Amino acid sequence: MQPAGAVVVTWNAEEQIGVCLDALLAQGVTDVVVVDNASEDGTVAQVRRRPAVRLIANPWNRGFAAAANQGIEALDAPCVLLINPDAELLTPLDAMRQACCLPGVAAVGGKLLDRQGRPQAGFMLRRFPTPAALISELFGLNRLWPANPINRRFRCLDLDPDAPGEVEQPAGAFLMLRREVWRELGGFEESFYPLWFEDVDWLRRAQMAGYRILYEPRVVARHLGAGCVRKMSWEQRQYAWYDNLFRYVARHFSSAGSRTVLAAGILATAVRGAGGLVRAGLPAARVYARIIQTAARRLLGGDRQGLNYGGHGRAEQFAGGSS
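In case it helps, the working numbering puts the sequence shown at residues 1 to 323.
Certain hints may be false.
[To be verified] Now the in silico label distances, taken between C-beta atoms and shown as ranges:
1) 157 to 230: 46 to 54 angstroms
2) 267 to 122: 39 to 47 angstroms
3) 148 to 42: 22 to 30 angstroms
4) 48 to 271: 18 to 26 angstroms
5) 103 to 128: 19 to 27 angstroms
6) 210 to 230: 25 to 33 angstroms
7) 74 to 115: 26 to 34 angstroms
8) 301 to 149: 31 to 39 angstroms
9) 166 to 76: 37 to 45 angstroms
10) 1 to 296: 46 to 54 angstroms
11) 104 to 230: 35 to 43 angstroms
12) 271 to 102: 43 to 51 angstroms
13) 296 to 149: 40 to 48 angstroms
14) 149 to 102: 26 to 34 angstroms
No lab work stands behind these hints: they were computed from the structure.
These numbers were taken from a predicted model, which means no experiment stands behind them.
Every residue, glycine too, gets a C-beta built ideally from N, C-alpha and C.
All chains should be modelled from the sequences, with the hints used to inform the complete structure.
Given below as structure tokens:
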């Protein structure tokens, strides 16, 4: 059985990438590709210190989806592990690789542990978002009342983290894909720029095409979380998350569901914008106003592209891992 390959997408991950790569190599993953999205720190130098690892250094930030597609295309392995640079593989990949080769399987997720060794419940496994789940997110209900029934279902808080089985949405931070299915589905949708929801979109398309998605808890990684996200400004995080949420909704929800979520997004963002004006002044209010404008255009059918990040290569562009 041909071993799995691995792809790591980086953006300013100098502090984490060495541990990630050393762990992959120590666990016998010999075909590793790093796709760097124009890091401005020492990430590329760290990769080059490990000659067994192949490096694709993009001259500008292509976003996570495009970089992941580059890495997978560069490999010949039938199964490819996507792993974030802030994740450390703790076990061999054999069980995940075997599960990925089962008939009808498109992808397999593994168990993610936090710094204290606890399963990252609510992150490592989720169900596909519904209008109710996203509205709860938009209004902050899931943060204020994490145990509410909608959130428990969405974040799979009812599942045993030690039980393997069929799931819907394992985290893209630690996800093995069957390469032939990735190609059949056209890869990751690169309009999800710079990151967020591209993995959810791909898994949803795989499920709609009749493929199964599995969870294999015997394969484990330690995941620090939000590695590249911490390098983004607050404004960048807000733009990216809302824009790609709206894009996912437009692609996968019914017209009624999409319009309901967009309307909720406008209302929830207006409330946050008013609070932001009081706490942080005009800069925060401008961010929320821009998000409202985008949601309104989508709601009225006049904007299918979402927020404008400008031309490639600008300093405001970023991505390096599906946090």
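So, going through the hints one by one against the coordinates:
Checked against the hint of 46 to 54 angstroms, the C-beta distance between residue 157 and residue 230 comes to roughly 25 angstroms, which is inconsistent with it. Between residue 267 and residue 122, the C-beta spacing of about 25 angstroms breaks the proposed range 39 to 47 angstroms. Take residue 148 and residue 42: their Cβ atoms lie about 43 angstroms apart, and the range 22 to 30 angstroms is violated. Separated by about 48 angstroms at the C-beta atoms, residue 48 and residue 271 break the suggested range of 18 to 26 angstroms.
Range check, residue 103 to residue 128: about 22 angstroms between beta-carbon atoms, so the 19 to 27 angstroms window is met. Checked against the given bound of 25 to 33 angstroms, the beta carbons of residue 210 and residue 230, roughly 38 angstroms apart, lie outside it. Our hint of 26 to 34 angstroms for residue 74 and residue 115 holds, since their Cβ atoms are close to 32 angstroms apart. The supplied range of 31 to 39 angstroms is met by residue 301 and residue 149, whose beta-carbon atoms lie about 33 angstroms from each other.
Between residue 166 and residue 76 the beta carbon distance is about 28 angstroms. The supplied range of 37 to 45 angstroms is therefore violated. Restraint check, residue 1 to residue 296: a C-beta distance of roughly 52 angstroms satisfies the suggested window 46 to 54 angstroms. With their beta carbons about 38 angstroms apart, residue 104 and residue 230 fall inside the hinted range of 35 to 43 angstroms. The hinted range of 43 to 51 angstroms is satisfied by residue 271 and residue 102, whose Cβ atoms lie roughly 46 angstroms apart.
In this structure the hint that residue 296 and residue 149 lie 40 to 48 angstroms apart at CB is violated, the actual value being about 30 angstroms. For residue 149 and residue 102, the hinted distance range of 26 to 34 angstroms is satisfied, since their beta carbons lie about 32 angstroms from each other.
In summary, the structure is inconsistent with hints 1, 2, 3, 4, 6, 9, 13 from the numbered list given earlier, while agreeing with the others.
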